[in-house]
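Q: What follows is the residue order along each chain.
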Amino acid sequence: MIAIIDYGAGNLFSVRNALEYLKIEHTISADPAVLEAADELILPGVGAFPDAMRMLRESGLVPVIREQAAKKPLLGICLGMQLLFEKGVEFEETEGLGLIEGSVRLIDAGGLKIPHMGWNDLTVLNPCALTVETQNGDYVYFVHSYRAETPDETISCYTNYHERIPALVHRGLIYGAQFHPEKSGSVGLAMLRNFAGLAGERK
Amino acid sequence: MLAKRIIPCLDVQNGKVVKGVNFVGIREVGDPVECAVEYDRQGADEITFLDITATHEGRSTMIDVVRNTARRVFVPLTVGGGIRTVDDFREILRAGADKISVNSAAVRNPQLIHDAAERFGSQCVVVAIDAKRRPDGGFTVVVNGGRIDMKLDAIEWAKTCEQLGAGEILLTSMDTDGCRNGFDLELTNAVTEAVHIPVIASGGCGSLEHFSEVFEKTGADAALAASLFHFRELTVEQVKDHLTSRRIPVRR
Chain A
1 MIAIIDYGAG
11 NLFSVRNALE
21 YLKIEHTISA
31 DPAVLEAADE
41 LILPGVGAFP
51 DAMRMLRESG
61 LVPVIREQAA
71 KKPLLGICLG
81 MQLLFEKGVE
91 FEETEGLGLI
101 EGSVRLIDAG
111 GLKIPHMGWN
121 DLTVLNPCAL
131 TVETQNGDYV
141 YFVHSYRAET
151 PDETISCYTN
161 YHERIPALVH
171 RGLIYGAQFH
181 PEKSGSVGLA
191 MLRNFAGLAG
201 ERK
Chain B
1001 MLAKRIIPCL
1011 DVQNGKVVKG
1021 VNFVGIREVG
1031 DPVECAVEYD
1041 RQGADEITFL
1051 DITATHEGRS
1061 TMIDVVRNTA
1071 RRVFVPLTVG
1081 GGIRTVDDFR
1091 EILRAGADKI
1101 SVNSAAVRNP
1111 QLIHDAAERF
1121 GSQCVVVAID
1131 AKRRPDGGFT
1141 VVVNGGRIDM
1151 KLDAIEWAKT
1161 CEQLGAGEIL
1171 LTSMDTDGCR
1181 NGFDLELTNA
1191 VTEAVHIPVI
1201 ASGGCGSLEH
1211 FSEVFEKTGA
1221 DAALAASLFH
1231 FRELTVEQVK
1241 DHLTSRRIPV
1251 RR
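From first to last, the protein sequence lines are chains A and B. Taking the numbering used here, the leading residue of the first sequence gets 1, the next gets one more, and so forth. Taking the numbering used here, the leading residue of the second sequence gets 1001, the next gets one more, and so forth.
Hints in this document: simulated from the structure, not taken from any laboratory. Some clues are possibly wrong.
Claimed, not checked - With the C-beta cut set under 7 Å, the calculated list includes, among others, these residues of chain A facing chain B:
| id | residue |
| --- | --- |
| 1 | F13 |
| 2 | W119 |
| 3 | V124 |
| 4 | N126 |
| 5 | L189 |
We treat Cβ as the ideally placed atom computed from N, Cα and C, and that holds for glycine.
The following block holds chain A by itself, in its conformation from the complex (with noise of 0.2 Å):
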């Protein structure tokens, strides 16, 4: 069973959808002890990282994610995924969940439009468990303005715009997707579906 957690920023539906094709078992919970009992979590995340991190902050479960990270697979997407990192300079410098090493900041989009929004390529880094059927230059799906800073080895996938942007992260059993893996077709599917294997493995 995989937890989707609900604290009030994130697009659970399509997530929701994407679980429910792929007849994954699910739940949309904000309850710690169901995240407690759930073999796998995933943070969904839309919007701006401070106004995400209070959130999570007044939700209660700071604590109960740095623990159960520890303990089960998570994967962060969009914003779910800049949080996993140790601070956020979006508009103030803000405490992230730090369970990733690494910032989030601003994209320096060199005249490029900003937010990086569409289609784009991945090349793998690092290959990981969700990267089994990805082939470089398979392209997913980005929204976003901002970016995450983190050292070469935990960079699972990166794409390009103007400067090389961490697609993909991981470190550990903690999984990060800056694009919505829920909205990148077959490729990001796939790798939604090897998420959930991941719990099916540690059993």
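Please build the complex by placing chain B on the supplied structure of chain A, with the hints as guidance.
A: Chain B alone, transformed into the frame defined by chain A:
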């Protein structure tokens, strides 16, 4: 490299695709959900539903169409037509749409763009601009299928939309729409040069060359077409094969 997007548009009335569709192998001809699934299979980068129903019953039918499509199609879904309030936005986003396109309601009440962007984020606010050439040069904004001239400069309006928080412009030329002689390159360039948000070119596409032309000669980020795809004159795959041969980046 960011891909240029190809967006098929489906005109929906009372839950049915209005223009005659005759896809092979789909269960029900004219079912918008089945059409969207087929476009997704062909490689559409995004799918747009334009609800041309005026009635309240039609509205709830459209919500079902969006809900059922979002369960089977995993590319961005845009819905336009008759959206007037922030509550309308919420209802359609909750059904599974990713972006909402507003047209005349935004012209009549520009604050809607700001309010929706503030509430749901700019990424889901698309402003559809229908533009027409003025006899004295320049372009004016028209609504109601081109019947009403709003006496508003289309380029200035596009800039205003960006300032208010629009995330994207869906630009339709009422001069070229339906003529199949190609996109309106002059209008498209005028708008892409005036704003920093993505612009979707629409209206007038009649051949493969028109797709490459709009990407080679303007700053358009995406191209939208309805009847070309409806009547199966072209598939999304054919368009992408053509664009690839012209070295235009597309998602494969």
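Q: Next step is simple, just say for each hint if it's right about the structure.
A: Here is how each hint holds up against the structure:
At a threshold of 7 Å, the smallest CB-CB gap from A/F13 to chain B is about 5 Å, leaving the interface hint in force. The criterion of a C-beta within 7 Å of any C-beta in chain B is met by A/W119, whose closest approach is roughly 4 Å, and the hint holds. Among the interface hints, the one on A/V124 is violated; its C-beta lies about 16 Å from the nearest C-beta in chain B, farther than the 7 Å criterion. Here the hint on A/N126 is broken, as its CB sits about 22 Å from the closest CB of chain B, past 7 Å.
Given hint, A/L189 at the interface with chain B, holds; its Cβ is 6 Å from that chain's nearest Cβ, closer than 7 Å.
Hints 3, 4, counting from the list given before, are not met by this structure.
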